[in-house]
Every structure is written in C-alpha cells, then in structure tokens.
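Same order as they appear, the protein sequences are chains A and B. Numbering that gives the first Met the number 0 applies: residue 0 is where the first sequence begins, and numbers increase by one. Numbering that gives the first Met the number 0 applies: residue 0 is where the second sequence begins, and numbers increase by one.
Bear in mind the hints are in silico, worked out from the structure with no lab data behind them. Watch out, some of these pointers could steer you wrong.
Stated by the list, open to error - Restricting the straight-line Cα-Cα distance to at most 25 Å, the calculated cross-link-like pairs of lysine-lysine (DSS-like) are: (1) B:127 - A:99; (2) A:93 - B:120; (3) B:93 - A:120; (4) B:99 - B:6; (5) B:99 - A:127; (6) B:93 - A:127; (7) A:99 - B:120; (8) B:99 - A:120; (9) A:127 - B:127; (10) A:93 - B:99; (11) B:120 - A:199; (12) B:199 - B:93; (13) A:199 - A:99; (14) A:120 - B:199; (15) B:127 - A:199; (16) B:6 - A:6; (17) A:93 - A:6.
This structure is a prediction, so every number in the text was calculated from the model and none was measured.
Protein chains: 2
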Amino acid sequence: MTEPTQKFSEDERRGLYRAIYERRDVRSQFLPDFVPDEVLARILDAAHHAPSVGFMQPWDFIVIRDAEVRGEVHGNFDAASRRAAETYEGERRKLYDGLKLAGIVDAPLNICVTCDPQRSKGSGLGRKTDPSVALYSTVCAVQNLLLAARAESLGVGWVSILDFDQLRSTLGIPPHLTLVAYLCVGYVSEFRPQPDLQEKGWETRSALAEVTHYDRWGMRVRGGQE
Amino acid sequence: MTEPTQKFSEDERRGLYRAIYERRDVRSQFLPDFVPDEVLARILDAAHHAPSVGFMQPWDFIVIRDAEVRGEVHGNFDAASRRAAETYEGERRKLYDGLKLAGIVDAPLNICVTCDPQRSKGSGLGRKTDPSVALYSTVCAVQNLLLAARAESLGVGWVSILDFDQLRSTLGIPPHLTLVAYLCVGYVSEFRPQPDLQEKGWETRSALAEVTHYDRWGMRVRGGQE
Numbered sequence: 000m001t002e003p004t005q006k007f008s009e010d011e012r013r014g015l016y017r018a019i020y021e022r023r024d025v026r027s028q029f030l031p032d033f034v035p036d037e038v039l040a041r042i043l044d045a046a047h048h049a050p051s052v053g054f055m056q057p058w059d060f061i062v063i064r065d066a067e068v069r070g071e072v073h074g075n076f077d078a079a080s081r082r083a084a085e086t087y088e089g090e091r092r093k094l095y096d097g098l099k100l101a102g103i104v105d106a107p108l109n110i111c112v113t114c115d116p117q118r119s120k121g122s123g124l125g126r127k128t129d130p131s132v133a134l135y136s137t138v139c140a141v142q143n144l145l146l147a148a149r150a151e152s153l154g155v156g157w158v159s160i161l162d163f164d165q166l167r168s169t170l171g172i173p174p175h176l177t178l179v180a181y182l183c184v185g186y187v188s189e190f191r192p193q194p195d196l197q198e199k200g201w202e203t204r205s206a207l208a209e210v211t212h213y214d215r216w217g218m219r220v221r222g223g224q225e
Numbered sequence: 000m001t002e003p004t005q006k007f008s009e010d011e012r013r014g015l016y017r018a019i020y021e022r023r024d025v026r027s028q029f030l031p032d033f034v035p036d037e038v039l040a041r042i043l044d045a046a047h048h049a050p051s052v053g054f055m056q057p058w059d060f061i062v063i064r065d066a067e068v069r070g071e072v073h074g075n076f077d078a079a080s081r082r083a084a085e086t087y088e089g090e091r092r093k094l095y096d097g098l099k100l101a102g103i104v105d106a107p108l109n110i111c112v113t114c115d116p117q118r119s120k121g122s123g124l125g126r127k128t129d130p131s132v133a134l135y136s137t138v139c140a141v142q143n144l145l146l147a148a149r150a151e152s153l154g155v156g157w158v159s160i161l162d163f164d165q166l167r168s169t170l171g172i173p174p175h176l177t178l179v180a181y182l183c184v185g186y187v188s189e190f191r192p193q194p195d196l197q198e199k200g201w202e203t204r205s206a207l208a209e210v211t212h213y214d215r216w217g218m219r220v221r222g223g224q225e
C-alpha cells in the first residue's frame, strides 16, 4: 500500500469530494467582488497541472477582465441563445426562456481556454492512435480549474452557447487553435444545493447503476448478463 | 461573500490541491491488491458528478476485472505501441523504448469511459453551437475519477496508445458511442514526486506565464502588449 505520508487525512479527502459534489455551474449568483491575483494564479496553476498526453500541455488561458471585451462576448452569447431558443416549442420553450444561461457581464472575470493540437511539446507521444487526446488534456485542465475555484469559494459558469468563429475574432485567437471553454468566474452569494437545470425542472440526474457495465458493454452485474 | 458553512477549511482546501498536484499517470507502480467495491463506487460516483452540458450526463463506465479481457486489451496496446515506436529515431527512439506506457495487466482494475453524443438527456441544451461539448463533459468525468482515485490512494494510468476499433470490438461497444478513455486503476507502491515523462527526460513542464494571456490573445501583461 502507499506510504503513510502520501495518504490523505479524512479532512483532505473530504475536501476533494466537497469540491466535486458542491461545484455548481453558476449563472445567477455572481458578485462583482474583485478576484485577487494570487487566487487567480492558484486556479490557473491547478489547471496547468492537469494530465496531458505525452506531457504535451496543449492549453492556453486568456484571462479577460476588460468590460468592453466581455460586453462583446455577451452580445455574441445573446444572439446565439436567441437562435437556440427557436428550436424549442411549448413547455420546453417556456422552460428555456426561464433559464439564465450565462453570467458573462455579471462575473468580474472571464477565462477562455484554448487547445493547440499542433504543439510540439510531448513529441507526439500517445497522439497517434487518437488525435482527440490533445483536446481531452485541455478539458482536464478546465475541470481542475472548476474544482480549484470551488475550493476558493469562486463560482464558475461554462458557456457553450456562443458563435465560436465570432469569439475567435473578438479574442484574436490564431486559426489552428481550438476554443475549448469560455468560463465566467467570480465570488457568489451562495452555491445552490442542486444543479440549476435540476432545480428548474430541465433534467434529472440518472442513477449511477444505469451507466455502469461490467467487463463488457451491457453486462449489468459482475460476471452476469443484463 | 459565501456563507461560512459553504467555505472550505484549510485542510479541505489542501486536500483538493494535493489531489491535483500529487496525481500521477501511473504505469509502473501498480500492486495487485483488490480494490474494494465501495472504493470503486466512490470514484465512479465522483465521475458521475462531473459537469455536463445541459445536464446531459453522456458518459458510461465499463469496469473490467476479467483477466481475459484485460489480456486482449494488452495485446492491442502492445501492437499499437510497436507501430508508434517506428515513428521515432535515434535518441528519441531509445527514450521511447525505455518508457513503460501502460499497466493494463498489472493493475487489477481497468475502466473504459465512453460518450454517447446522441443521448436525449438535456434535450440538446448548449449542444447546438459546438457538438464537441458532450465529449468534453465525459472528459470532466474522467478527471473527477482521476482526482478521487488519488484521494483514495489509488493510482490511475490513462492509455491512449490503442487501436480503438479493436477495443470497441473487444468490449462490444455500440458504433454510435465514442471511446474517450481507457484507464488502469489500482493501489500503488508509491506516487512518484514528478511525472514519469519528466523524470525520464521526455518533456519538461512549461511556465504558467508562457500559456497565460490577458484580455486578448498574445497580450502578456494586464493592459499591455507582448
């Protein structure tokens, strides 16, 4: 077994699980309070310590505090969200219209996370059989950032309803990079006990057993068939 | 600011950061010790509580303990790794040949994580402007699992050098799903202080400042130009 010094104490273990279970995708509870540079540095450094294929570290972080830039991104989101709304009808449309889906302007800090799939670091190790793994590494960095933010009492909202070509132009991102995540970051009035989309009746959490298989797809009990 | 009860204690915050900084991609240090069902359930449930676009929860987990299945996957990896080796020459090739790149058979437990991009949960919310977000949600689940494993003193190795068509056939995974991650999981003799690929001289960690920009791409100081 592992060395005693490498084991987690009960409190440390609880901290990791609290971050996972109490993290929320925040849209409505942002406070305007300034996020100190040292706190920002901690969540970015946590992201930078994500696993990456071949130790490639394919990510970049664009930290956005400028109100003009955030205003432009908000306009982008607003138009994209109106286009998306048109695809829902009846009760779903009413539910959609009642959702707040981004806090781009409310949050004092936005972070855009990109992936450079051509980065030479790592010398291509592990990237030959599935080129998506560079993207996956970047998403691991995002998830580290989300969890570190929760431990720092910061809320984060991940905005995916955006015209990404327009966002690329707003932020001046080179054409060969992939825009992976646009995040709104700030202190919050509270962390809600349940995900927003569960609370508002958009969707429910599935049971873990429904998404678990044993040894081969579709085997729902160990050593047995469904 | 947040309610006092929602804040993390110092120990809890350290626990989250320890998981992030002390997580290693493990290939060489696996012990054969059985991973108890309740520990497995905790790391899977942590994965299941990842953020997902529209609360879609597009992931499935195939838990593999069967030695025959693991043997077949190991053969798959072995052939793929030999093909990859041919792409390196000279010093790089020597370095490559000295790396241990998977613990599929050494680890008592393997977990394959898949993504169903067509899952109806979430009603398509947030998936219209970038369909990759379903994949990204699944990767967030993987990263939660990696961190929870570290807090449980379990090592995990993410194997990306595989023929994924062959893996799909071995595990019987339906054609419309994406195979996102193949993980080797087990207790370990130790967690190394540095990533394997750093220790072995394959790659170095970049400085955080090299991958951080302010307000727009390429601006390296706040309010200034590179």
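Inset, instruction - Verify the proposed pairing of residue 93 (chain A) with residue 99 (chain B), using a straight-line Cα cut of 25 Å. - result: Not OK: residue 93 (chain A) and residue 99 (chain B) at ~55 Å, beyond 25 Å, violated.
Inset, instruction - Please work out if residue 127 (chain B) and residue 99 (chain A) have their alpha carbons no farther apart than 25 Å. - result: 17 Å, holds
Inset, instruction - Mind checking the alpha carbons of residue 99 (chain B) and residue 6 (chain B) for me, to see if they're no more than 25 Å apart? - result: 41 Å, violated
Legend entry - Restraint check for residue 93 (chain A) with residue 6 (chain A), where alpha carbons must lie at most 25 Å apart: Since the Cα atoms of residue 93 (chain A) and residue 6 (chain A) sit roughly 50 Å apart, the hinted pair is violated (cutoff 25 Å).
Legend entry - Given pair status - residue 6 (chain A), residue 6 (chain B), alpha carbons within 25 Å: 23 Å, holds
Legend entry - Straight-line alpha-carbon gap residue 99 (chain B) to residue 120 (chain A), limit 25 Å: 19 Å, holds
Inset, instruction - Compare the distance between the alpha carbons of residue 120 (chain B) and residue 199 (chain A) with 25 Å, and conclude whether the hinted pair is satisfied. - result: 15 Å, holds
Inset, instruction - Given the hint that residue 120 (chain A) pairs with residue 199 (chain B), test it: the Cα-Cα distance must not exceed 25 Å. - result: 15 Å, holds
Legend entry - Distance restraint between residue 99 (chain B) and residue 127 (chain A), which requires alpha-carbon spacing of 25 Å or less: 17 Å, holds
Inset, instruction - For the pair we were handed, residue 127 (chain A) and residue 127 (chain B), check the Cα-Cα distance against 25 Å. - result: Cα-Cα ~29 Å, so violated.
Legend entry - Agreement of residue 199 (chain A) and residue 99 (chain A) with the hint, judged by alpha carbon distance not exceeding 25 Å: This hinted pair holds, its Cα atoms lying about 10 Å apart.
Inset, instruction - Would you check the hint for residue 199 (chain B) and residue 93 (chain B), treating anything up to 25 Å between C-alpha atoms as holding? - result: 11 Å, holds
The earlier numbered hints that this structure contradicts are 4, 9, 10 and 17.
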